[in-house]
Structure formats: structure tokens, C-alpha cells
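Enquirer: If you want the building blocks of each chain, they are given just below.
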Amino acid sequence: MNGEMEILEKVKKAFGEKAETAPKWERQSEIKVPLELLHPLLGYLRAQGFGHLAMISCVDWIEEGEFELVYHLWSYEKRLHLLVKTRIDRENPTVETIIPIFRIAETYERELHEMFGIDFPGNPNLTPLFLEDWDGSPPMRRDFDTRKYVEEKYGMIDLTKELWKREEPVLEGENGED
Amino acid sequence: MGLFRWSQSRSLWMMHFCTGCGAVEMPPTMTSRYDMERFGIIPMATPRQADILLITGYLTVKTLKRVVRSYEQMADPKYVIGFGSCTINGGMYWDSYNTVKQLDLYIPVDLYIAGCMPRPDSIIDAFVKLREMIAKGEANGWKRYRENLEWYRTNQAKVFNVEKWSAIEP
Ligand code: SF4
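Those protein sequence lines, which keep their order, are chains A and B.
Letter 42 of the first sequence, counting from 1, is numbered 42 in the numbering used here, and no numbers are missing.
Letter 36 of the second sequence, counting from 1, is numbered 1036 in the numbering used here, and no numbers are missing.
In short, the hints are calculated from the structure, not lab data.
Ideal Cβ placement from N, Cα and C applies to all residues, glycine included.
Some hints could be false.
Derived DSS-like pairs (lysine-lysine); straight-line CA-CA distance at most 30 Å [unchecked claim]: (1) A/Lys148 x B/Lys1065; (2) A/Lys153 x B/Lys1065; (3) A/Lys153 x A/Lys85; (4) A/Lys148 x B/Lys1158.
Far from chain A, by Cβ distances over 12 Å, these chain B residues were calculated [what the hints assert, rightly or not]: (5) Arg1005; (6) Gln1008; (7) Ala1023; (8) Thr1031; (9) Tyr1034; (10) Met1036; (11) Thr1060; (12) Pro1077; (13) Gly1090; (14) Gly1115; (15) Asp1121; (16) Ser1122; (17) Asp1125; (18) Lys1129; (19) Gly1137; (20) Phe1160.
Bound-form chain B, shown alone (with noise of 0.2 Å):
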């Protein structure tokens, strides 16, 4: 278990979502100036072959229901990185009545990046202690999210407006 851990967290690809301001930061992590490859981190284009989501700032409802989707289609284990104020608490945002304030009410967030935004510097060391997280077996988002299934679901319901709310539809 502790060598699949091990392996697990050094090969992530990354999905980046990319909302808000925040991603202006990523081709400087992700280009030679930063190089996140060092860390056998790749940009992935598409949900089903990532395991990292990174949420690059604020969501609007409308937003947050792509969001809700892409997510669920990821396989299994993934990990969720809120980057910049806005996903923790709305940031600037706080009192705008189209975006949602707390990103964990509704997909769990293994980790989370405060600033406005966060520079490169933060995002590369959010991905070495997720790494970490990982090889401890401490990012486990994904569990709760099966788990508390019910929980997220209503949340989401409810910014969604409707009475059950499903990501994936029949």
C-alpha cells in the first residue's frame, strides 16, 4: 500500500479549471520558468484521465454545475486544490449574489491555496505537500465525497435551485 501511495504521488496530471483570475498563474508553473514537471506533474485537458482538479478561483452557479460534473467524471483517487481566497470564502467576492462562497460545501477540497492570487511559488508548494498528503494517505476527499454523497448532494441541490440535484444524468 505504501509503495502504491508512493508511485501514486509522483505521477499526478493535473486538470485545471480554469475560473476566475487565478489561472494567469498556471503557464508560468507550468512552462520552464517554474516547471511543474519536476514534480511528474502534467496538465491533462481532460477529466477522465486526471487526478488532480485545480479550481482557479471563483464559481458562479453556472460554473459550479461544469464544475460538479467534470469532477465526477474523474476516476478515482482524485484530489480536489482550491486555489486563491475566492474558492475558501469567497474572497472579493464575498457578498456577489451569482458566486458560491465556500467550494467544500459542495466537491471536497483536499487542500487549498490562500491569496489573491497565490503566486507560482504557493502552487508549486501545494503540490509538494499534496504529495505528501498522498503518500500519508491524508488526501482522501474523494472517500468523503462518497461517503457524505447525501450531504454534497444537497448543498448542491440547493444552489442548483432544484429539488435533487444529479451530476450525472440517466
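So that you can see chain A by itself, here it is in the shape it has in the complex (with noise of 0.2 Å):
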């Protein structure tokens, strides 16, 4: 645990009680940070080796109004994971993009504006990445009600007729035709 301790130690020198830290199990700690401390906590945990942005995930907290994102964190060199953890208003959702530290921020930024309709200023590529023509609200909030979406987008099948009788395939005769 020496490893873990000795970062999250100097992280709480640097940056204060402002910083909440916690080992969780061997290898992965976690930071929380209210979010005007966001980014220059990402510049100085990469300036102590962690390089690698592994991932940047999104916790819908719809109870509480908010989104938690979580930015993984790996160091080769000390093998640690860290979860640096900011939250943020659900209705505004506004952070600003970490491009300038992690450079790949931009894609993971790209896809958490599709999924989530989070917004990330200074971003300049933030055009649909999987959902080319949605006309829905982002799919990965809570609040998004996938099987209505579904039901009314695509129709679903009425599992409980026996398809397998149907003497011709169901889209003929919808034209008119014979």
C-alpha cells in the first residue's frame, strides 16, 4: 500500500481538504475534488507520472441532481490506479475539457457528450461518435426511457403470436399490392 499512501499523501499537501482521499483496495485510490479543483489536480497527477488516461466515466446521481464523472488514472511506473471524482449540476452539466493535459480526452469527452449531453468547452470535435441521426434524449441517463424509445422507433414483436404461422411475410399487403 506504501505506494498509494505516499501519492495521496502529497496530494493532500498540495491541494488541501479540498481533496478528499481514500485507498480502496490494493492498487486504486480515489480522489474527490469539487470541480474548480478538476484540472489542476489532472495537470499534477500527470506531472507525477500518470500518464494514461485509462477512461472517463459518468455516474448518473438523479436523485441528487447530479453527474459524477470519474477519470481513471493508471501510472506505469508506480502501477497505480487512481479514480479522480468530480461532480457536477445534472440540468447545466458543463465541464471544461482536459484536452490541453490528456490529449485523448477528446474522444472519451466526445462520447460523454452523446451518451450523457454533457457539454465540454475548448472541445472542438464533439459531433455524434456511435449515434449518427438520434433524435432522443441522451440514452445513457437514467431518465431516458429506453423501451418506450424502442417501442415507438423501432416496433417491437408481439412475442406471444406464433410468427412462424404467418402465411406470408408481414410486409406485403401494407403497399396494397395483390
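Starting from the two chains in their separate frames, assemble the complex, guided by the hints.
Expert: Rendered as C-alpha cells:
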């Protein structure tokens, strides 16, 4: 656990009480910071050898009206995994981009923009990644009603009917054709 | 006409559109273990030379767009095989927000292979059935597509979220 404690101590020293640090289990620790400390902290950690941003994930705390962004950092020298967590307002989710610190964040932020509707000012490429022609609300938000959307957009097959007994494919006749 | 169809059914080139998980069953089907070339079927890399379009699994909206375009690039007569339950009713992605549930709303499917995923035996079985259907003149999805183009276009446009969608750009 030594490596973990060492870096957590350093973070405490540099950022004071506002950074809540906690070792989670072997090789993994978390640091919770308010939004205004996020960028300085990520820059600091990068300088400390955490050069690999593995992903950015997002948790939808709908009851509390907040999104929690989790930046997963890994250090190859220390062999440590850090979770940097910050909470943002759910109504108006905006986080300044971290591209200047981690170039790779461009794609991750693009995905979060698409899936959660979070805005990242400064990211030049927030175009759709997977969801071409998307017309619903961001699908990973917990208030997105997947089943309703699917029923409206794609239609569901009623599996209680014996489809294989139908005489001709459903599509024929729709057009008034014989 | 009979001879024409018979010879057609003996030499089919297949484009396998490897989406979803099902593509992994294609190598054993193509290679010596099951050897589909026995039936005159060989894999083909481009839609323009292909007779069969084999869709091997679920399709996201983004992929469907490419499928429709590939399908329209194929020369008549052309046949579509839907492989796996994902193409029939969405399979285990039945309530996924981004995959289409019924392939035959968007392109005409001549034959479905049920299963998740179907084994090479079932693929071979489907090829044999398709051959019979072609010889009998029953595999006429491509005609249905022409006759009901408007209907297919409407369905496609609905998931692509546009007023009107044309696969071949002007
Ligand atoms: S039918 Fe099953 S194996 Fe095939 S694409 Fe769907 S989930 Fe995968």
C-alpha cells in the first residue's frame, strides 16, 4: 500500500482539505475534488507520472441532481490506479475540456457528450460518435425510457403470437399489393 | 427459365456483412471443415459481384445505413439471408436503443436462420434451402424490394430520422 499512501499524502499536501482521498483496495485509490480543482489536480497527477488516462466514466445520481465524472488514471511506474471524481450539476452539465492535459480525452468527452449530454467547452469535436441521426434524449441518462423509445422507433414484435404461422411476410399487403 | 434459374442457384457469390457476433461462424463454414464451396458458394469482397448478402447479427442504425447502401449496389437477382435471432426480433438486444429489431422492415429478407448464434450446419442448411428456393423461383426478395420501394424507404427514413432517405446519393 506504500505507493498509494505516498501519492495520496502528496495530493493532500498540495490541494488541502478540499481533496478527499481514500485508498480503496490494493493498487486503487480515489480522490474526490470539487470541479474547480479538477484541472489543476489532473495536471499535477500527470506530472507525478500518471500519464495514462484510461477512460472517463460518468455516474448519473439522478436523485441528487448530479452527474459524477470519474477520470481513471494509471501510472506505469507506480503501478497505481487512481479514480479522480468530481460532481457536476445535472441540469446544466458543463466541464471545461481536459484536452490540454490529456490529448486522448477528446474521444472520451465526445462519447460522454453523446451518451449523457455533457458539454465540454474547448473540445473542438463534439460530433456524434456512435449515434448517427439520434433523435432522443441522451440514452445513458437514467431518465431516458429505453423501452418506450424502442417501441416508438423500431416497433417490437409480439412474441406471444405465432409468427412462423403467418402465411406471408408482414410487409406484404401493407402496400395494397395483391 | 428453369435452366437459367437452376444454373443461377449453383453458383452463388456471397458477401458476408460481418456485424454482430455471428461472423465467427463464417470461417469454419468457408474453410475445409464445412467447405461451403461444395455448393458453389464462395465469399466475395464487394457487393457489386455478390449474389447473397448475409447479415450475421444485430444492426445498429449506423450499420443499417451501410447495409442498405451495399444492398442497393448489388446486381439483381440478389438474396438476403438474416443470420441469428438478432435479425429476426432483435434477439437479446430486443430493448436496445440503438439496434433495429426486424431486418425485413428495411430490406427484403429471403431466409432467416434462427439461433443465437446458429452453427455452421444451419448455415449450410440455409444455403441448400436458398438454392431450392432460387431454382423454384421463390426467392424473390429483390422483386419485392423494387415493387415496394416506397414502403421500404419510409421505414428506412423513420430510423434514419429524415424526411426522405435515398441510399444512393445523387
Ligand atoms: S443472434 Fe446472438 S450471436 Fe447473433 S448477433 Fe445476436 S446476440 Fe450475437
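Enquirer: Against this structure, judge whether each hint is valid.
Expert: Results for each hint:
1. A/Lys148 x B/Lys1065: Within the cut-off at roughly 23 Å; holds.
2. A/Lys153 x B/Lys1065: Roughly 15 Å between the alpha carbons, so the hint for lysine 153 of chain A and lysine 1065 of chain B holds.
3. A/Lys153 x A/Lys85: 36 Å, violated
4. A/Lys148 x B/Lys1158: 16 Å, holds
5. Arg1005: Holds, since 21 Å exceeds 12 Å.
6. Gln1008: At about 22 Å from chain A, glutamine 1008 of chain B clears the 12 Å cut-off, so the statement holds.
7. Ala1023: Per Cβ check, alanine 1023 of chain B is outside 12 Å of chain A; nearest 19 Å; holds.
8. Thr1031: Threonine 1031 of chain B clear of chain A: closest Cβ-Cβ about 32 Å, beyond 12 Å.
9. Tyr1034: Per Cβ check, tyrosine 1034 of chain B is outside 12 Å of chain A; nearest 26 Å; holds.
10. Met1036: 26 Å, holds
11. Thr1060: 7 Å, violated
12. Pro1077: For proline 1077 of chain B, whose nearest Cβ neighbour in chain A is about 18 Å away, the distance exceeds 12 Å, so it holds.
13. Gly1090: 8 Å, violated
14. Gly1115: 14 Å, holds
15. Asp1121: 20 Å, holds
16. Ser1122: 16 Å, holds
17. Asp1125: The claim holds: aspartate 1125 of chain B sits with its nearest Cβ about 16 Å from chain A, beyond 12 Å.
18. Lys1129: 15 Å, holds
19. Gly1137: 16 Å, holds
20. Phe1160: Phenylalanine 1160 of chain B is in fact no farther than 12 Å from some Cβ atom of chain A, at 5 Å.
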